[in-house]
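So you can see what is in the structure, the chains are spelled out below.
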Amino acid sequence: GAVVSQHPSWVICKSGTSVKIECRSLDFQATTMFWYRQFPKQSLMLMATSNEGSKATYEQGVEKDKFLINHASLTLSTLTVTSAHPEDSSFYICSATGTVREKLFFGSGTQLSVL
Amino acid sequence: GESVGLHLPTLSVQEGDNSIINCAYSNSASDYFIWYKQESGKGPQFIIDIRSNMDKRQGQRVTVLLNKTVKHLSLQIAATQPGDSAVYFCAETTGSARQLTFGSGTQLTVLP
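As you go down the protein sequences, you meet chains L and A in turn.
Last residue of the first sequence: number 115 in our numbering, and the count goes up by one each step with no gaps.
Last residue of the second sequence: number 112 in our numbering, and the count goes up by one each step with no gaps.
If you're looking for bench data, these hints aren't it; they were derived computationally from the structure.
Nothing here was measured: the structure is a model prediction, and the numbers come from that model.
Any given hint could turn out to be false.
Distance ranges between label pairs, derived from CB positions [to be verified]:
hint	chain 1	residue 1	chain 2	residue 2	range
1	L	Ala-72	A	His-72	25 to 31 Å
2	A	Asn-53	L	Trp-10	39 to 45 Å
3	L	Thr-80	A	Lys-42	37 to 43 Å
4	A	Gly-83	L	Met-45	23 to 29 Å
Heads up, the beta-carbon is just placed ideally off N, CA and C, and yes, glycines get one too.
Please put together the full structure from these sequences, using the hints given.
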């Protein structure tokens, strides 16, 4: 079946640095990718939606200048957390969908810890 | 905005018993519902889905029931096993939006 690869699975960084998370669709063309954020014992909250070749659409309250999303190809989307701070520490998850309507495939998540 | 919520945050069942996880949704326009399982430190894993033109769908050891009248969704797991211990989320979407709204999750713990 379809697989979405997310990398890295965990990252620790110093406050003020930037971190890039990659999300790849391995055997299908992902026309749309979604980025979620999840705090401990909470649900997934949609951060942004990105369509290949277009600017991402951010959910209300999500800073687009802080969470940079690039979806330059049909198999890769990246989320860059710029100038990360401890409050950005969270579990970030991507999902991707292709031509099969409503079939979403999730990445394995990235645990970000900002010191 | 619209929300999808779960009745119980935690559920403990004995191994071999059946589990029932409930979910209430408020968006009457929702026409597609999905249950996901999430183990600690991992992404959500698809379990089963159902469209609004159905009221029941069965998979292997799992059954999803949809009651559109009261906007209620449930996941039934038969003969619950230790490997079923995880957080279960319901999610809903409308039309071709493909954007999911997740419920708050239920932590299922299977006791030996």
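* Asked: Is it true that the C-beta distance of Asn-53 (chain A) to Trp-10 (chain L) lies inside 39 to 45 Å, as the hint says?
  -> holds, 42 Å
* Hint check for His-72 (chain A) and Ala-72 (chain L) - Cβ pair distance inside 25 to 31 Å -> violated, 42 Å
* Asked: Between Gly-83 (chain A) and Met-45 (chain L), does the beta-carbon spacing fit 23 to 29 Å?
  -> With a Cβ separation near 27 Å, Gly-83 (chain A) and Met-45 (chain L) satisfy 23 to 29 Å, so the hint holds.
* To do: Note whether the CB distance of Thr-80 (chain L) and Lys-42 (chain A) lies within 37 to 43 Å or breaks it.
  => Violated - the Cβ-Cβ distance for Thr-80 (chain L) and Lys-42 (chain A), about 23 Å, lies outside 37 to 43 Å.
Of the numbered hints given earlier, the model fails hints 1, 3; all others are met.
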